[in-house]
Amino acid sequence: MPGASTQYEACRYTLQNEREVDTNPQMAASLRSRHTLLVRITHWIMTLSFLALLVTGLEIVVSHPRFYWGEVGNVNTPVLFKIPIPASRNLVPTGYGYVMPDQNGWSRYLHFQSAWLLVLVGLLYVGVGVFDGHFRKNVFPARADVSPSNLANSIVAHLKFTRPGAEEAWSYNVLQRLAYLAVIFVLFPLTIWTGLAMSPSFVSAFPWAVNILGGQQSARTLHFVLTLALVLFLLVHVLMVILAGFWNRVRAMVTGRASEPLERA
Amino acid sequence: MSNLTRRKLITTGLAAGAGVAGLAVAAKLALHYGLIPPDAGGVYGPGETLTYAAQRLLTKHSLAREFSPNMVSKDPFANEVAPLGDEFERLRRGGFADWRLKVDGLVARPASFSLAELKNFPQQSHVTMIQCEEGWSYIAEWSGVPLSHVLDLAGAAPQARYVVYRSIQPDWWESIDMADAVHPQTILAQGMNGGELPVGFGGPLRLRVMRQLGYKSVKYVTQITVTDNVRPFGKGLGSASPEAGYAWYAGI
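Chains A and B are the protein sequences, given in the same order.
Each residue of the first sequence is one higher than the one before, counting from 1 in the numbering used here.
Each residue of the second sequence is one higher than the one before, counting from 1 in the numbering used here.
Note that these hints are calculated values from the structure, not bench results.
Since the structure is predicted, the reported quantities are computational estimates derived from the model, not experimental observations.
Positions of the beta carbon are idealized from the N, C-alpha and C atoms, including for glycine.
You may find that some hints are simply not true.
[Said to hold, decoys possible] In silico lysine-lysine, BS3-like type, Cα no more than 30 angstroms apart, as pairs:
#1 B:8 <-> A:137
#2 A:82 <-> B:74
#3 B:60 <-> B:102
#4 B:102 <-> B:8
[Unchecked claim] Where chain B lies over chain A, by a calculated footprint (3+ residues, C-beta under 8 angstroms):
#5 103 to 109
#6 112 to 126
[As the list claims (entries may be wrong)] Sample of chain A residues facing chain B (criterion: CB under 10 angstroms; computed from the structure):
#7 64
#8 66
#9 72
#10 73
#11 75
#12 89
#13 134
#14 195
#15 199
#16 210
#17 216
Construct the entire structure; sequences and hints are all you get.
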């Protein structure tokens, strides 16, 4: 691996876990610590929970693929929009001549169980991340990095699909940081809120949770739109991982170690 | 193994031990305070228990949202039901004069009420939303006698924990805990939007549980059974819903 050590020294970024530098010199030359154990475990549990929520949420939507605004909505009221798919209930006018199998029972059970898992593990991730400086060091962008010119450069680099520089294997770039912040502190909290706002029992104790959204059907519609935003994030996230070197990035998120970027270059 | 990893191992071990002990204590407390739903067994048990326990702790006495009369849906939607059967048609032809609501189980005075008798009890009206688990909803004004009044008349025992209620349709039965059974908005509805409750919406008698999804508001109610244990009913999961794959608790 010629040049690897130079690259190592040139790297502006400190190791995330200097304590865990491998004692095996050969390994140290090729693999370095990237993600902490907690980040890796919570990442994959939340990935599984999110995929389960996505599939079961879609199953639930299939029983009534119509969306409304305001408090109420049913097949006798005008729609805000509808998804052109057949439904799993025969009283929903879809224009299709057949009815899909009803999957709502287990879908609802799994949806809420996955939501609990995601929320609890997410709280652990956020709580420890705030406590151990993960957000400060790795996720919040440096003030200089959020300047308009720097942001513009980063956006242009992304749109040109420029391969990330060596330092980006060890630190998130500014757009990545902003995207992660938006997902962790905006999209997921809003999705959880709009989900709870659909619960008749929850809103009996906290009526403001649904009232300020404009009604229960508004909450349902917003929950769906927020899900689309999360799916968009997922697709872009996976695309970026592929472009940046799929196996190296996935290995980093599984084993915690990534190889020096020069190896691929 | 370095000292650091040994320390880590010990800390992790202690944390895991504390976690297991904590869970055991939590399970014991949850059982004691009635926070475990009857369908808590199986792979979805943890999620169901968390949902039911959290909502019971947060919402035990909360009231379902009520709306102003101008919010009442002009075109409410009546979901389809299974064929109503010969007995129902016979009662319908008689104007439901022979419809009876049987009240039994852990009660001091088992009783059977006609619709006229139920109508003579103190009535309440609530403009509330009914939501289907499918996602649609409407708002209506529901009128009837509070279930708590009927339970008081029959003398429900202090150890009562659930009320099991049955439809004239043989496979439709549900149960609710006492928090919902004696809840001030839980009514045996005979009226909707100022008129008689139409058959499509559950007439002549529907138990409206305002803080849960529509499937807990059983249509064509003929029997109410007070119990301290739902295990002997059906497959022991609390109601027909879990037997069909749906959650017993439908507050979410």
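Cross-check of the supplied hints:
Distance check on the hinted pair: residue 8 (chain B) and residue 137 (chain A) sit about 23 angstroms apart at the alpha-carbon level, within 30 angstroms; holds. Annotation: proposed proximity of residue 82 (chain A) to residue 74 (chain B) holds, straight-line Cα distance about 21 angstroms (limit 30 angstroms). For the hint pairing residue 60 (chain B) with residue 102 (chain B), the CA-to-CA distance comes to about 27 angstroms; that is within 30 angstroms, so the pair holds. Straight-line distance between C-alpha atoms of residue 102 (chain B) and residue 8 (chain B) comes to about 63 angstroms, which puts the hinted pair past the 30 angstroms bound.
Using a Cβ-Cβ cut-off of 8 angstroms, 5 residues of the segment 103 to 109 of chain A lie near chain B, which meets the minimum of three, so the contact claim holds. Evaluation of the coverage hint for the segment 112 to 126 of chain A: fulfilled, as 6 residues show C-beta separations to chain B shorter than 8 angstroms, against a requirement of three. A cut of 10 angstroms between beta carbons decides the hint on residue 64 (chain A): the least distance to chain B is about 4 angstroms, and the hint holds. Satisfaction of the interface hint for residue 66 (chain A) is found here, the shortest Cβ-Cβ separation to chain B being roughly 8 angstroms, below the 10 angstroms cut-off.
Because the closest C-beta pair between residue 72 (chain A) and chain B is about 5 angstroms apart, less than 10 angstroms, the hint holds. A cut of 10 angstroms between beta carbons decides the hint on residue 73 (chain A): the least distance to chain B is about 6 angstroms, and the hint holds. Because the beta carbon of residue 75 (chain A) sits about 6 angstroms from the nearest beta carbon in chain B, less than 10 angstroms, this interface hint is met. Checking residue 89 (chain A) against chain B: minimum C-beta separation of about 6 angstroms stays under 10 angstroms; hint holds.
Because the beta carbon of residue 134 (chain A) sits about 17 angstroms from the nearest beta carbon in chain B, more than 10 angstroms, this interface hint is broken. The restraint placing residue 195 (chain A) at the interface with chain B holds, with a minimum CB-CB distance near 9 angstroms, inside the 10 angstroms limit. Checking residue 199 (chain A) against chain B by beta carbon gives a least distance of about 4 angstroms; that is within 10 angstroms, so the hint holds. With 10 angstroms as the threshold, the beta carbon of residue 210 (chain A) comes within range of chain B, its nearest partner Cβ sitting at about 8 angstroms, so the hint holds.
Given hint, residue 216 (chain A) at the interface with chain B, holds; its Cβ is 6 angstroms from that chain's nearest Cβ, closer than 10 angstroms.
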